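If you read the sequences in order, they're chains P, F and W. So the mapping is simple: this note's numbering equals the position in the first sequence, first residue as 1, plus 108. So the mapping is simple: this note's numbering equals the position in the second sequence, first residue as 1, plus 5. So the mapping is simple: this note's numbering equals the position in the third sequence, first residue as 1, plus 48.
In short, the hints are calculated from the structure, not lab data. Heads up, some of the hints might be wrong.
[To be verified] Pairwise CB distance ranges (calculated): (1) P:TRP595 with W:GLU372: 35 to 41 Å; (2) W:PRO80 with P:LEU116: 34 to 40 Å; (3) P:LEU591 with W:ALA131: 34 to 40 Å; (4) P:PRO484 with F:ALA86: 54 to 60 Å; (5) P:GLN397 with W:VAL113: 41 to 47 Å; (6) W:ASP201 with P:GLU399: 39 to 45 Å; (7) W:GLU297 with F:LEU140: 56 to 62 Å; (8) P:LEU116 with F:ARG40: 50 to 56 Å; (9) P:GLU575 with W:GLU297: 43 to 49 Å; (10) F:ASP35 with W:GLY109: 53 to 59 Å.
[As the list claims (entries may be wrong)] Far from chain F, by Cβ distances over 10 Å, these chain W residues were calculated: (11) VAL113; (12) GLY159; (13) MET271; (14) GLY348.
[What the hints assert, rightly or not] Facing chain F, according to a computed beta carbon distance under 7 Å, are these residues of chain P, among others: (15) VAL237; (16) MET285; (17) CYS289; (18) THR298; (19) ARG300; (20) PHE303; (21) ARG393; (22) VAL394; (23) GLN397; (24) ARG400; (25) ALA459; (26) PRO461; (27) GLU462; (28) ALA503; (29) LEU510; (30) LEU554.
Just so it is clear, the structure is predicted and the values come from calculations on it, not from any experiment. Heads up, the beta-carbon is just placed ideally off N, CA and C, and yes, glycines get one too.
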Amino acid sequence: MSTWDGLLTGLSFALQPGVLIYCVLGVMLGTFVGVLPGIGAMAAISLLLPITYYISAEAALIMLAGVYYGAQYGGAVASILLRLPGTPQSAVTALDGYPMARSGRAGVALFAAMASSFVGSMLGILVLVLLAGWLSRAATAFGAADYAAMMVLGLVAASTIGSERPAKGFAMIALGMLLGCIGTDVNSGTMRFTFGRTELLDGVNLVALAMGLFGVAEVIGNVRDPDRQGVAERIGLRQMAPRREDLRRMPLPMLRGASLGSFFGALPGTGSTLSSFLSYALERRVARQPERFGHGAIEGVSGPEAANNSAAITAFVPTLTLGIPGDPIMALMLGALVIHGVQPGPMMLEARPEMFWGLVASFGIGNLLLLVLNLPLIGIWVSMLRIPFRLLYPAILIFVCLGVYSVRGLTFDIVAVAGIGLAGYLLALARFSPALLLLGFVLGPLIETNLRRALLISRGDPMVFLERPISAGFVLAIAALLLLSAWQALRRRR
Amino acid sequence: MQRDWPDILGGFALAACGAAAAGWAWLHYDLGSIRQMGAGAFPVALGLLLTVLGLIVALPALRRSGTLPRAEPWAACAVLASVLTFGLGLRVLGLVAATALAVLIASLPAPQRGWGWRLALAACVTGLTVLVFRLGLQMSLPLWPRLG
Amino acid sequence: MMTQPTRRAALGCALALVAAPALAQDGWPSGPLHVYVGFPAGSSPDVLARIITEPLAERLGQPVVIENKPGAGGVIGVQQMLANADDDDLTFGTTINGPLTTAARMMGDTGYDVGADIAPVTLIATSPLVLAVAEGSGIEDLQGFVDAAAAGDQALAYGSVGQGSGAHLTAELFADEAGVSMLHIPFTSYAEVTTSIIGGEIDAGFMAPSAAAPQVEAGSMKMLGITSAEPFAQAPDVPVIAGQAGLPEDFRAELWNGLIAPAGTDAAVIERLNTEVTEILADPAVQEQLLAIGWQAAPGTADAMAERIEADTAMWGGVIDRIEAQ
Chain P
109 MSTWDGLLTG LSFALQPGVL IYCVLGVMLG TFVGVLPGIG AMAAISLLLP ITYYISAEAA
169 LIMLAGVYYG AQYGGAVASI LLRLPGTPQS AVTALDGYPM ARSGRAGVAL FAAMASSFVG
229 SMLGILVLVL LAGWLSRAAT AFGAADYAAM MVLGLVAAST IGSERPAKGF AMIALGMLLG
289 CIGTDVNSGT MRFTFGRTEL LDGVNLVALA MGLFGVAEVI GNVRDPDRQG VAERIGLRQM
349 APRREDLRRM PLPMLRGASL GSFFGALPGT GSTLSSFLSY ALERRVARQP ERFGHGAIEG
409 VSGPEAANNS AAITAFVPTL TLGIPGDPIM ALMLGALVIH GVQPGPMMLE ARPEMFWGLV
469 ASFGIGNLLL LVLNLPLIGI WVSMLRIPFR LLYPAILIFV CLGVYSVRGL TFDIVAVAGI
529 GLAGYLLALA RFSPALLLLG FVLGPLIETN LRRALLISRG DPMVFLERPI SAGFVLAIAA
589 LLLLSAWQAL RRRR
Chain F
6 MQRDWPDILG GFALAACGAA AAGWAWLHYD LGSIRQMGAG AFPVALGLLL TVLGLIVALP
66 ALRRSGTLPR AEPWAACAVL ASVLTFGLGL RVLGLVAATA LAVLIASLPA PQRGWGWRLA
126 LAACVTGLTV LVFRLGLQMS LPLWPRLG
Chain W
49 MMTQPTRRAA LGCALALVAA PALAQDGWPS GPLHVYVGFP AGSSPDVLAR IITEPLAERL
109 GQPVVIENKP GAGGVIGVQQ MLANADDDDL TFGTTINGPL TTAARMMGDT GYDVGADIAP
169 VTLIATSPLV LAVAEGSGIE DLQGFVDAAA AGDQALAYGS VGQGSGAHLT AELFADEAGV
229 SMLHIPFTSY AEVTTSIIGG EIDAGFMAPS AAAPQVEAGS MKMLGITSAE PFAQAPDVPV
289 IAGQAGLPED FRAELWNGLI APAGTDAAVI ERLNTEVTEI LADPAVQEQL LAIGWQAAPG
349 TADAMAERIE ADTAMWGGVI DRIEAQ
């Protein structure tokens, strides 16, 4: 079947009312849970699983996928309006989205996030359709050494984010990586820093960490802030609409972000997080006035949002072409297929073309729906900021607690949020970047496992990082980046 | 001279954390070899790195002036107490009582007098929570206190 | 693995029967049942629990609530079942073998004592593992694999889903019986192991048949042997490992999944549940659903499950001893 025929088949399949309704249901629920701080796609998909037993495998997959990418749209809302990111990707969006909202440009930030998400998804679909085969070969070609080198590159590239002094940024990354060591060591099975608590065996709960560092810390800082007590002025339509300058600044970051996202998204693991951070770092580096970043630069919203949404689409590449899920949520979706007697795997494209193409078509339809659904909602979201903060923040705290609890149903995690929140507040007072801590926390364990795995497989030969072409490429890029930074620092000093 | 206390205290605190983690890992976990790195290798390396970075942040700050951020100890206590109350109370008190109590505690530092709005807020947030999480998302949560 | 009756397990069960008040539970179940599952919603153990509890709720006339408490390889699910148990006999759990057999050895302290705190209800299903290698590896059969592994110390590298996981221990048991030594590379999921085998980074892995089958169909992997006593319905062409390539006739390693209750649960309730689940598992439609996610229905008595726990704890304990001695 040619690509064109496939797309037509897919469209006619996905537009059947009996299928479309599940796509609508999926993206709506996805947006809803995405907006709720901490409740991610995982919780929503678990909720929908029983329904999937009663509908066709194709419709089930389309619905669950809708939740998956729909949650990315919703996640931006809570991070921009209230600085409540439930995932590391949305933490990047909060870096500039939240300052925009605080300076009365919440509507513009939300518009930028929605539009970029849409463009990112569309480019992701294009890449998925045209390059799926190539990307899936790339994904299997990546070995442990390549992953380790790639993640280190990500850390080095992102280390300049959000702090005026590099040492403070690096310190946060190191602290994040150290926190990432907590739990059972994959390679040896040793329980590290768990102090006898079973709840820590799988590490610190990522949602609890994000919520404590950002949400709780932000609430503490604002409870008595006089600026936030009165009823904010009504924001007119004119302020909500993006200015011409905003529109001019968005397209290139979107394209760059979507390219990064489409590539990294296809690699199993943490493509979405990595590409958001890389996109932000890239925009900051190419910007004429990098000092605007962190104070409400629209490129800092646009690029990463395009990146994480295109990554959410191309994340389906290994899942669909190889039957190998790239993250736990994908695994969950494949589980739903298996219940229907569909064996996900490399043969699925041939055996059930309507499933593959129907899903691809539903990506397009679903993202269009999300855009149409979300743009009118911007007004409502923004008007939420007119609620006096004293009425808002107790509700935020309860929602944060339940969002964290939803991940694995342990009250231990809620108690942990209190401790992390205190630490986060102190770090914020001392102006350390919580986003970098989160990045270190996510990438640290991956770097450690892959580095140790690479050395184990090479029987202890460190040259493996230079002998494998992919890894060697990343090592070169790291060296180039470090030299560039050093050169820039020298030039500035002169 | 007003010193740059955030960097001084923050830097030293991070250095202390790093040193403690490195020390603990050194004592308790295997370091291994290049071929088979042990569980302790990364924590020790990261702990030492954090110690050095913390000192790099703190030491230059000793001879630099800076501004002191305004801390909100009262707000911090109330917010953290609220989260703790909710976390520890959820299983025992049930969702309704834990939410209402946590909202009341959280609202204590708000710069507005009176108990009327606080009680009303607690009732509203509790209703909303039950509606969204228990009825909407079907989360498995006990609504009422556990008797006996 | 052979299951041999042990005196302690039989004695424990006999005592439980004597101590139970005779059918004090006429009104049981008085409310919804809560079944704790130590794995996230949608995972294979969770789907298994849902397949069983749906007809169970119908038969008992009470809803059955699945409580997902994932973490620590299923140990948190068992802990939470015990922590939330009331004396109304409505709290249960389903778990894979790990938390009841090897977890105490691997973790030092799980917070519960399997013998004293857990009352087995019934085994639900078992799952064998297959030995898989890349299609282009040049290894054709089990004998070829053993020969390649014997070519040198740690000549072959295999992947598992973690230190102490079923995949790891099975591979070590295999290596020990075959008289070879292989390099263990721990991963966190079969998805990662599969990618690594196809990418040629590692040589082999003991995997769930459902994880390997699609890759075999696509011609990127092949299965050399299976760890069950008989060929498995999901991979009927794969020969059993037992008796091949110099491995003993009784070579057998299976994962299993069972229904458990907190100790002190009324014996009549356990008996009732055992009967209900056994009848549910006799339904061919249920068997087929289980097979689709890689599990073969294997009901039995509560005593038989207690024996299985004891036998497996001893057998895997021996394997762990040998690994630690290296």
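**OP:** For the hint on GLU462 (chain P), just tell me whether its beta-carbon gets within less than 7 Å of chain F.
**Re:** violated (31 Å)
Original post:
Given PRO461 (chain P) was flagged as interface, is its beta-carbon under 7 Å from a beta-carbon of chain F?
Top reply: Nearest chain F Cβ about 35 Å off; hint violated.
**OP:** Could you let me know if the closest chain F CB is still more than 10 Å away from the CB of MET271 (chain W)?
**Re:** holds (29 Å)
Original post:
Does the nearest C-beta of chain F fall within a distance shorter than 7 Å of the C-beta of THR298 (chain P)?
Top reply: holds (4 Å)
Subject >> Supplied distance hint 53 to 59 Å, evaluated on CB atoms of ASP35 (chain F) and GLY109 (chain W) >> reply: This hint holds: roughly 55 Å between Cβ atoms.
Subject >> GLY159 (chain W) and chain F, when compared Cβ to Cβ, separated by more than 10 Å >> reply: holds (17 Å)
Subject >> Status of the given 50 to 56 Å range, CB of ARG40 (chain F) versus CB of LEU116 (chain P) >> reply: The hint (50 to 56 Å, Cβ to Cβ) holds, given that LEU116 (chain P) and ARG40 (chain F) are roughly 55 Å apart.
**OP:** Would you settle whether the hint for LEU510 (chain P) is holds or violated, based on the nearest Cβ-Cβ distance to chain F being less than 7 Å?
**Re:** It holds, given that the least Cβ distance between LEU510 (chain P) and chain F is near 5 Å, below 7 Å.
Original post:
Does the interface hint hold: is ALA503 (chain P) within less than 7 Å of chain F, judged Cβ to Cβ?
Top reply: holds (5 Å)
Original post:
In terms of Cβ atoms, is chain F entirely out of 10 Å range of GLY348 (chain W)?
Top reply: holds (30 Å)
Subject >> Agreement of hint LEU554 (chain P) with chain F interface, Cβ distance less than 7 Å >> reply: violated (12 Å)
**OP:** For the hint on MET285 (chain P), just tell me whether its beta-carbon gets within less than 7 Å of chain F.
**Re:** Since the shortest Cβ distance to chain F is 5 Å, the answer is holds.
The structure is inconsistent with the numbered hints 1, 2, 3, 4, 5, 6, 11, 15, 20, 21, 22, 23, 24, 25, 26, 27, 30, although it conforms to all the rest.
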